[in-house]
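Number of protein chains: 2
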Amino acid sequence: MKVEIVAVGTEILLGDIVNTNAQYLSKELAALGISVYRQSVVGDNEERLLQTFREALTRCDLVIATGGLGPTNDDITKEVASKFFNKELIFHEKSWGYIEDYFNKMGKEPGESNKKQAYFPKDAIILENHHGTAPGAIIKGADDKAIVVLPGPPVEMKNMFKESVLPYLEKYCDRTLVSKVLRVAGVGESTAAEKIKDILDNQTNPTVAPYAKQSDMVFRITASGESEQEAKKLIEPVEKEIRNRLGDNVYAEGDTTMEEVVAKLLIENNLTIAVAESCTGGLLAARLINYPGISEVFMEGAVTYSNDAKIRRLKVKEDTLNKYGAVSEETAREMAEGIAKEAKTNIGVSTTGIAGPGGGTEEKPVGLVYAAIYINGETKVRKLNYTGSRENIRNRATVSVLDWLRRELLLR
Amino acid sequence: MKVEIVAVGTEILLGDIVNTNAQYLSKELAALGISVYRQSVVGDNEERLLQTFREALTRCDLVIATGGLGPTNDDITKEVASKFFNKELIFHEKSWGYIEDYFNKMGKEPGESNKKQAYFPKDAIILENHHGTAPGAIIKGADDKAIVVLPGPPVEMKNMFKESVLPYLEKYCDRTLVSKVLRVAGVGESTAAEKIKDILDNQTNPTVAPYAKQSDMVFRITASGESEQEAKKLIEPVEKEIRNRLGDNVYAEGDTTMEEVVAKLLIENNLTIAVAESCTGGLLAARLINYPGISEVFMEGAVTYSNDAKIRRLKVKEDTLNKYGAVSEETAREMAEGIAKEAKTNIGVSTTGIAGPGGGTEEKPVGLVYAAIYINGETKVRKLNYTGSRENIRNRATVSVLDWLRRELLLR
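Sequence lines, in order, name chains C and L.
At position 145 of the first sequence (counting the first as 1) the number is 145 in full-length UniProt numbering, and the numbers step up by one without a gap.
At position 85 of the second sequence (counting the first as 1) the number is 85 in full-length UniProt numbering, and the numbers step up by one without a gap.
If you're looking for bench data, these hints aren't it; they were derived computationally from the structure.
Careful, some of the hints might be misleading.
[To be verified] Each pair of labels, with its calculated beta carbon distance range:
id : chain 1 : residue 1 : chain 2 : residue 2 : range
1  : C       : 72        : L       : 74        : 19 to 27 Å
2  : C       : 73        : L       : 104       : 18 to 26 Å
3  : C       : 11        : L       : 74        : 43 to 51 Å
4  : L       : 357       : C       : 72        : 20 to 28 Å
5  : C       : 143       : L       : 48        : 39 to 47 Å
6  : C       : 97        : L       : 197       : 20 to 28 Å
7  : C       : 73        : L       : 97        : 25 to 33 Å
8  : L       : 104       : C       : 202       : 25 to 33 Å
9  : L       : 48        : C       : 359       : 48 to 56 Å
10 : C       : 142       : L       : 358       : 31 to 39 Å
11 : C       : 73        : L       : 230       : 37 to 45 Å
12 : C       : 358       : L       : 181       : 20 to 28 Å
13 : C       : 59        : L       : 181       : 38 to 46 Å
[To be verified] Result set (BS3-like, lysine-lysine): computed pairs, CA atoms no more than 27 Å apart in a straight line:
id : chain 1 : residue 1 : chain 2 : residue 2
14 : L       : 83        : C       : 317
15 : C       : 197       : L       : 344
16 : L       : 83        : L       : 122
17 : L       : 116       : C       : 197
[Unchecked claim] Only part of the chain C face toward chain L is listed, based on derived beta-carbon distances under 8 Å:
id : residue
18 : 11
19 : 27
20 : 54
21 : 55
22 : 57
23 : 113
24 : 193
25 : 202
26 : 281
27 : 292
28 : 299
29 : 305
30 : 358
31 : 361
The beta-carbon is built from N, C-alpha and C at its ideal position, and this holds for glycine as well.
With the rest of the complex left out, here is chain C (with noise of 0.2 Å):
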């Protein structure tokens, strides 16, 4: 089954908003192991759309179409789709009792414009909307293709796709793809890449695929197979391979974020912890904050951006801080085990750092910072260097430090 995505708006071809709509449908389609031959974006205009539902049909068997479902003239998915296979629309009363109870339950009466939202190319198979007023619907042809239209807003597209038009599509699927991610971090994306050149290289089922956000990177393992069971025993091989190669590099698998890894970790290993943030500032604290079960372990944490707050927070030495400055290995250790001493844990860590763009200078220079991880005695301190914005550097030294934390963590 060969399958087209069109979406209808004339604000995204304005750049006024991303299709992350082509992206999800696309997802889920090639989960099932459909092709998705094209994705095409038009602007609401009834010419334009019907041509492009004509070349689509003409290459596909199956449209599906999200947006211009709305109550305004502007919203012309539906009509198109009903002109296209020349069916009469038709007021659909179970849909427009749907649209009144959806305004109803925010005290709300629907409007005369509404009703547009309940009429229906004849014969057409409707899709309720469980998460706002338009319901969409399978409309066919004579010659058995279809057209899917489908509301524009994500929440109600994909709750409407979920509930409808997957279990219409599954009965079209033979395979199953199946695919797991892998979670990389503390390694450059292509020292990553060329650890496992070979495999990318020469991939076929599965597929590997690499992806890279800010300092999150991911491999996609992807197999296809006539069932889920035989898709996942084609994964396990190269997913050992991969392991195998980026040891503990690889930190998670899945949607896992890298404060459920170390949370997890202090939980575990009974573990309390205290975080002195400078140049992060907060950001640190609010990624463990993340995890909801981080209260048992997590104590406190102080955002001392001031020389005075790591002076009565911490108890750094003003002497440590004149002779060596905030930003210095002796000012992130004192921080590390000054929050550790004051929260009474069993774990302090500390940032302190230039995140810019102004205050850096030769000798230290904006993207430079100091981490510190105390555990029960010990501090370890790490210099690390950034480039970007002030936004880029903070992030990163965040994602760095929780990296460190996941190893020391792992080591005991």
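Fit chain L to the given chain C structure using the hints.
Using the frame of chain C, we list chain L on its own:
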């Protein structure tokens, strides 16, 4: 001039990446007053790409293609474009020199496969790539229709577009689009839209488009004129009317962030600040510290997630915690007053709430947040309620508190 955008890459059709390039190009072209009639995505397949070029150039004057300029056999965009225009590929010494330099700077040598990247259709205008190895090109046919090929990685594509394609396109444009963005907070999306409904409904030039992203909301006013000045003049009265209706809910223009607005108000008013966070756990401090100049006024942040830390760091009374709980008006008040006293600042801001997913009760459900602002002797407390994920609740609470602080500072 009509333009279509074609992205080439099977990874987009598989849903592995979002086609953000299309958005970037669409926005840039809209700003030039150039109409984009379609965005398409095709895979790395010669026949299908050739067909796409053929269809697109029947409808429009110029195709901008992104991706498929790499060194591997999968990278075919330049080759297909030259086939389409029936032009032979010629080795370009100067581009090869750039590619060699690029590798040498990283202490590496280009591979034999990189030679492919230095071949271009005869008579093409070659576009230098200062951020990667693949040069781009503008390839013209006999009928003056053209294909611009740009690399896929966004950094390379954007820079090449700005440096080389924009000056090329500007000579084709006779109208200028100017946009102005107004940032809005402290009012729901639908309420804000309702307040300017007639403006949203009756727009032609300028147009007004609303966008909502988490707790941040934006109205973009876009006008088209024969000159930048004329377009700006068209925006003026509409901007004035929107500001009139939305009042101090409009907190900034353009890319100015909430933290920048708050930071500048603090600096102007010569007021120092310290924050004490429980549920937002570092996010409030992290947002404020995003603004580089904040060190003048930001004295300290305390992430007091545990009761112990609230008592020790902020001098919250044990009695208060026992009697009213950590998530209460009373605790929020003592936290704000405590951090200001400890850090000797004019302002103390606190948050304490239940971010979920667990920990909620009937009386204190997930999403309940108390926030307090102490300013020079006076403390105000607010009870806030949010729904959604842990991340959502924490982010929305952070923005609300920043916005509240902004309003308090405006009163001074």
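Hints, one by one, checked against the model:
no. : hint                      : verdict
1   : C:72 - L:74: 19 to 27 Å   : 42 Å, violated
2   : C:73 - L:104: 18 to 26 Å  : 59 Å, violated
3   : C:11 - L:74: 43 to 51 Å   : 32 Å, violated
4   : L:357 - C:72: 20 to 28 Å  : 37 Å, violated
5   : C:143 - L:48: 39 to 47 Å  : 22 Å, violated
6   : C:97 - L:197: 20 to 28 Å  : 27 Å, holds
7   : C:73 - L:97: 25 to 33 Å   : 56 Å, violated
8   : L:104 - C:202: 25 to 33 Å : 29 Å, holds
9   : L:48 - C:359: 48 to 56 Å  : 52 Å, holds
10  : C:142 - L:358: 31 to 39 Å : 54 Å, violated
11  : C:73 - L:230: 37 to 45 Å  : 29 Å, violated
12  : C:358 - L:181: 20 to 28 Å : 26 Å, holds
13  : C:59 - L:181: 38 to 46 Å  : 39 Å, holds
14  : L:83 - C:317              : 71 Å, violated
15  : C:197 - L:344             : 57 Å, violated
16  : L:83 - L:122              : 11 Å, holds
17  : L:116 - C:197             : 20 Å, holds
18  : 11                        : 7 Å, holds
19  : 27                        : 3 Å, holds
20  : 54                        : 11 Å, violated
21  : 55                        : 7 Å, holds
22  : 57                        : 14 Å, violated
23  : 113                       : 11 Å, violated
24  : 193                       : 13 Å, violated
25  : 202                       : 13 Å, violated
26  : 281                       : 3 Å, holds
27  : 292                       : 6 Å, holds
28  : 299                       : 5 Å, holds
29  : 305                       : 5 Å, holds
30  : 358                       : 6 Å, holds
31  : 361                       : 16 Å, violated
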